[in-house]
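There are 2 protein chains.
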Amino acid sequence: MDAKRDLVLERVVDVPPELIWKAWTDPKHLTPWFTPDPWKTVGCEIDLRPGGRFHTVMRSPEGQEFPSDGCYLEIVPNRRLIWTSALEPGYRPAKRTATPGHECEELLFTCVLTLEPQGKGTKYTATALHMTEADAAKHATMGFHEGWGKCLDQLVAYVKTL
Amino acid sequence: MDAKRDLVLERVVDVPPELIWKAWTDPKHLTPWFTPDPWKTVGCEIDLRPGGRFHTVMRSPEGQEFPSDGCYLEIVPNRRLIWTSALEPGYRPAKRTATPGHECEELLFTCVLTLEPQGKGTKYTATALHMTEADAAKHATMGFHEGWGKCLDQLVAYVKTL
Numbered sequence: 504m505d506a507k508r509d510l511v512l513e514r515v516v517d518v519p520p521e522l523i524w525k526a527w528t529d530p531k532h533l534t535p536w537f538t539p540d541p542w543k544t545v546g547c548e549i550d551l552r553p554g555g556r557f558h559t560v561m562r563s564p565e566g567q568e569f570p571s572d573g574c575y576l577e578i579v580p581n582r583r584l585i586w587t588s589a590l591e592p593g594y595r596p597a598k599r600t601a602t603p604g605h606e607c608e609e610l611l612f613t614c615v616l617t618l619e620p621q622g623k624g625t626k627y628t629a630t631a632l633h634m635t636e637a638d639a640a641k642h643a644t645m646g647f648h649e650g651w652g653k654c655l656d657q658l659v660a661y662v663k664t665l
Numbered sequence: 504m505d506a507k508r509d510l511v512l513e514r515v516v517d518v519p520p521e522l523i524w525k526a527w528t529d530p531k532h533l534t535p536w537f538t539p540d541p542w543k544t545v546g547c548e549i550d551l552r553p554g555g556r557f558h559t560v561m562r563s564p565e566g567q568e569f570p571s572d573g574c575y576l577e578i579v580p581n582r583r584l585i586w587t588s589a590l591e592p593g594y595r596p597a598k599r600t601a602t603p604g605h606e607c608e609e610l611l612f613t614c615v616l617t618l619e620p621q622g623k624g625t626k627y628t629a630t631a632l633h634m635t636e637a638d639a640a641k642h643a644t645m646g647f648h649e650g651w652g653k654c655l656d657q658l659v660a661y662v663k664t665l
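Residue numbers (the numbering used here), protein chains in the order written: chain D, 504 to 665; chain Z, 504 to 665.
No lab work stands behind these hints: they were computed from the structure.
Where is the CB? At the ideal position from N, CA and C, for every residue including glycine.
If a hint is listed, it holds; no wrong ones were tucked in.
Which residues of chain D face chain Z? A few of them, derived with a C-beta cut under 10 Å, are:
hint, residue
1, Met504
2, Leu576
3, Thr587
4, Ser588
5, Ala589
6, Glu591
7, Ala597
8, Lys598
9, Val615
To give an idea of the interface, some chain Z residues facing chain D are shown, with a C-beta separation under 8 Å as derived from the structure:
hint, residue
10, Pro553
11, Leu576
12, Glu577
13, Thr587
14, Leu590
15, Tyr594
16, Arg595
17, Pro596
18, Ala597
19, Lys598
20, Leu611
21, Phe612
22, Thr613
23, Leu632
24, Thr635
The following block holds chain D by itself, in its conformation from the complex (with noise of 0.2 Å):
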């Protein structure tokens, strides 16, 4: 952890681990929750494995879409799940590439999730790791805390209709 260099969302949910992992690692129950609404996920492809990809598609409430690929690190069930968009699936240094419609290059991130049954419940901790201070800086300013807040509640009320 660097306080200046990682972004953290921690909040304890009402629903258990097991839901919550079921929402990030089976594409029919990440795609309705994973992207703030109205923005959908449209393309989801999960290899469960060390080095395997973690590919989503989301669309723009305009209709443009926005491929990303990432690569799993860490696989513990129930536990923990980490994957980075600073590799290609197969653990190949990834390209920072201009994004379609947009002028900046993509942000490069790590993703640290942790789940901790706390009662019924879950800690729910979702880590962001930055290269520089820059990137975490202009993560935040894109509504990282807003954004996946708001996914997170989107995840909780899917995961209860299970």
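Following the hints, put chain Z in place on chain D, whose structure we already have.
Leaving out everything else, chain Z in the frame of chain D:
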């Protein structure tokens, strides 16, 4: 594997995987062979776990020192070792920094080392995965095959003294 973005050194050597593994994973046994003579490896720290630090310091014949940090990804004793310079230890995306005294940016790559027993020896395969064809070409021009080949000669000669 991607023929255009990967560089591969593959050779059968007459020492067993266990000795090669020792030479790659213990600082005491890594420093004697890791840098092609007359360069020297003058520092090494190894935290042999996924996410752990692989730190080396190379010294040029003129005495200039070049520290570098990588992150271990997969560790299968005596068979497979994967680490990358695209992540810092702890999986944080690595900065591409200019090396002091060099004009160019540091080359990011992932190293996949596989050791397969072959008779009393080992089929040794070291693959460097790059972001782009340009990075692979640059690494080849920097002397990948000669350099890594010479280091392997040094490794084999060294472990025979153990």
